[in-house]
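Work out the full structure, taking the sequences as your base and the hints as a guide.
One-letter residues, chain by chain:
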Amino acid sequence: VRGRPELYTTYESDQAPLGTPAKRTWFGALLVGALVLPFGLTSELNALVATAFISAIGAIGLNIVTGYAGQVSLGHAFFLGLGAYTAAVLSGPTDRSVVGLGLDMWIWLPAAGLVPAIVGLIVAPVAARLKGLYLAIVTLGLVFLGEHLFREMRFLTGGPGTGRSAAKMEMFGTRIDERTEIFGYTVTREMKLYFVGLLVLLVLAVLAKNLTRSKVGRAFSAVRDRDIAAEVMGVSLTRYKVIAFAVSSFYAGICGALLSTLTGFIEPTGFNLLLSVNFLAMILIGGVATLSGSMLGAAFVVLLPRLVQEIPRLLPFVEGGSTGGVITTFQLETLLFGAGIVAFMILEPRGIFGMWVRTRTYWKAWPFSY
Amino acid sequence: MKSIGRWSRIGALVGILALFAAACGGDDAGPGGDVKTGIGITTAACPGSTHADRGCIYLGVLSDLTVGPFRALAVPLTEGQKAFWKRVNDGNGIGGKYDVDITKYTRDNKYNTQEHVAQLRQILPNILALAQSLGTPPTIAAKDIMEDENLVAAPASWWSGWAFDELVIESGHNYCVESMNGLDWASETFGKPDTLMAVHYPGDYGGDSAAGVARWAQANDVAFPTANDVQTAPNATAGNQDAPVAAILRVKPDVVMLATGPAEMAEIVGKAAAGGFKGRFVGSSPTYNPAVIAPTSPARTAILGLYNFVSPWATFGTNTPAHNAMKAAAGSTPPANDGYTSGWIWSYPMKAVLEKAFDLGDLTREGVRAAVKQTTVDYEGALPDKNLGGDANTNVVRQSLISKPDEKGLLGASTVKEFFVGPTAKDFSFTEPCQKV
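Sequence order for the protein chains is A and B. For the first sequence, this note's numbering assigns the number 1 to the initial residue and increments by one for each residue that follows. For the second sequence, this note's numbering assigns the number 1001 to the initial residue and increments by one for each residue that follows.
Hints listed in this document are in silico derivations from the structure and should not be mistaken for laboratory results. Among these hints, one or two may not hold up.
What the hints assert, rightly or not - Residues of chain B clear of chain A, computed beta-carbon distances all greater than 10 angstroms:
(1) A1052
(2) P1069
(3) G1096
(4) D1165
(5) K1192
(6) G1203
(7) R1215
(8) D1229
(9) G1276
(10) D1359
(11) G1367
(12) A1370
(13) V1437
As the list claims (entries may be wrong) - Partial pick of chain B residues on the chain A-facing surface, computed with a CB cut under 7 angstroms:
(14) A1141
(15) D1144
(16) D1148
(17) G1361
(18) G1390
(19) K1436
These figures come from a predicted structure and were not determined experimentally. Here a beta-carbon is modelled for each residue, glycine too, at the ideal position from N, C-alpha and C.
What follows is the structure, encoded as structure tokens:
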């Protein structure tokens, strides 16, 4: 209704993604900011922000299965690895000791999502019979299984300590991530990675938003909040848990493939429990069952180590190197990370997104903010 | 009044522009005079330098300093490099106009490709080149960036693929040549083997080494069935080396070529000897560490009796101008192991390239890259002079030495056979890396 943006008269308008003028304006401003930002950052920071974008894709994936559908998954790292290797195998050169098919990005990128999604589909029926702690243990098993396979399948992964080159961003014979000169202005590899990350994130975030506000999304919430009640209402538990796992794995696979191209190399030992925990931390810190929370959480987890590296300049007792001092940056980072999770769980279980909502509500009601 | 105000404003503007011009021009008119400089070079002296009249060239170091598998070698290696560049700075520096600093941008890559690339991106805006890029996989991961940035690097790795890469200025033989020379020496000393075995890690190191064994076998008409190509993994992954030991005891080869870590080598040699194996072991240079012949080592006798290793250059205690200089630099306490020697020797090409670029009047990254092809490296006797121009087949270093474990030798080793080129390596034609990664 004109002039009363928050009076919703239909379900559609209530669920619309950018329902109010304020939301539209801010989203537009944010998007413009994101498009301009890489021109003001160093290559290193561009690469870092690109990592945050791509990690956000994985975090959204985990949020779909764990946040929206309520199925705790510790197996995210396995699907990330699967995506990374699918991409690397499809894209890799054909004359190496590891298998490669030399295909283009428009093939390997969707495939990097589809292969994990199919594996997710196969695993999901087992997982669908379980919930809570039992499910966590089963998905944990998946990580260990995956780690073992990645180590041992040397013809695909190169094996531990050796690894293989990651997928190349090549389309129709040209590398799209190479440095180029456009009208005398140098566009670096990192800027291009930034834009690729941003683009894929935008597309997948919009798809996720639509999924969560559809019938499927409502079924997810029903399953999460009371599975028995959901079943009584006619929501098929198996069906929706399977969908949640498959979609989540798709996102994880895309994330894994793009993350590996940032580094250019894949080590089979990297897809371990710690990586899964990192993604869980992203959604817990960012905000469970929110998309913007997934992105905020990913940004927090990816950028925190880099921020901590700046601390030795401010606090002399923190040692910048790897040894000596009262505490090293690496130790401090681990401590802050752990403390952050505990603090969020106790003080703001809704994560950074919850803090944002509270701030927003405060200012909306201002000055009557009691 | 109005016009005066305008003129003073214009005057101020001109003044500001002049200041900007002066500030921008500062970099060009460095201490090199007409030498072109760019990223990674300052007109200010290096931190802690006593040469106030010299500028500073910053080189990065990406090494395995804390938690990775090669830290025992990498820490003395980095020390060796620091000592090398200190000697350069104490002397003439680069062209008498620049000192070289490798300390400020030394970073720990943890032998992890992701960490390596992230750290490289961080130091990239401040360095001219890399004085050390440790490990084949990390260096390969960073190749795209190095290519974009014209970043020349001295590797700490002996992969055969570097001969085909103009940005990576390697020293010494590669693992592939190493195996050929090791087997040539073994067959000359103990008689031509009828059966061969390779026990190795996968990848750039072990894979390259095993590829050398296969090429030697082919060139010398010795059978090398795939069953004799035994892959193993570090104990951290594999737990123990029982599988390769069982293979050795089953096949009973005349010579086993090893490309593992020192602890794994000791376990294999010790257990095989205890199982009655009488053949010879030839190890790649990273298989040796003086700790394996310590009095407490259970494999000590077996190693002293059955094992030799091939090296790309002579051990720390040797008498060449290069070795004497590093001994002088190390002072009264010898380094922990020959990582120090390697760090020192691996630095010669970078020094030669920087000097060449200086002589050509272009110390920008592009200039340094262009200088590589025109450089000849003088190793002060540690290695034969090396021309960095020309194709891979001409460039590849084919010399090796054979050493033995020796508790009386400095750093637990002594040379058995001085630099030689075995007949197999001599005739081998390098058209591609032995092991592609």
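**Item:** Distance rule for A1370 of chain B, whose beta carbon must clear each one in chain A by more than 10 angstroms
**Value:** Per Cβ check, A1370 of chain B is outside 10 angstroms of chain A; nearest 18 angstroms; holds.
**Prompt:** Holds or violated: is the Cβ of D1144 of chain B closer than 7 angstroms to a Cβ in chain A?
**Reply:** holds, 6 angstroms
**Prompt:** D1165 of chain B clear of chain A by more than 10 angstroms, beta carbon to beta carbon?
**Reply:** With a cut-off of 10 angstroms, D1165 of chain B remains clear of chain A, as the shortest Cβ separation is near 14 angstroms.
**Message:** Next item in the hint list is K1436 of chain B. Is there a CB on chain A closer than 7 angstroms to its CB?
**Reply:** Constraint on K1436 of chain B satisfied, holds at 5 angstroms.
**Request:** Say whether it holds or is violated: R1215 of chain B keeps its Cβ farther than 10 angstroms from all Cβ of chain A.
**Result:** holds, 15 angstroms
**Request:** Please settle this one: V1437 of chain B was flagged as non-interface, so is its CB more than 10 angstroms from every CB on chain A?
**Result:** The claim breaks: V1437 of chain B does not keep its Cβ more than 10 angstroms from every Cβ of chain A (closest is about 7 angstroms).
**Message:** Interface hint check: D1148 of chain B, Cβ to nearest Cβ on chain A, cutoff 7 angstroms. Holds or violated?
**Reply:** Hint holds; D1148 of chain B Cβ to chain A Cβ min 5 angstroms, cut 7 angstroms.
**Message:** Beyond 10 angstroms on every Cβ pair: is that true for G1203 of chain B relative to chain A?
**Reply:** Violated, since 3 angstroms does not exceed 10 angstroms.
**Interface restraint verdict for G1361 of chain B against chain A (beta-carbon cut-off 7 angstroms)** = violated, 24 angstroms
**Asked** Does G1390 of chain B pass the interface check with chain A, least Cβ-Cβ distance below 7 angstroms?
**Response** violated, 24 angstroms
**Asked** Can we trust that D1229 of chain B is non-interface, i.e. its beta-carbon lies farther than 10 angstroms from all of chain A?
**Response** holds, 13 angstroms
**Request:** Quick one: work out the minimum CB distance from G1276 of chain B to chain A and report holds if it exceeds 10 angstroms, violated otherwise.
**Result:** Consistent with the label, G1276 of chain B stays out of reach of chain A, its closest Cβ about 31 angstroms off (over 10 angstroms).
When held up to the earlier numbered hints, the structure conflicts with 2, 6, 13, 17 and 18 and fits the remainder.
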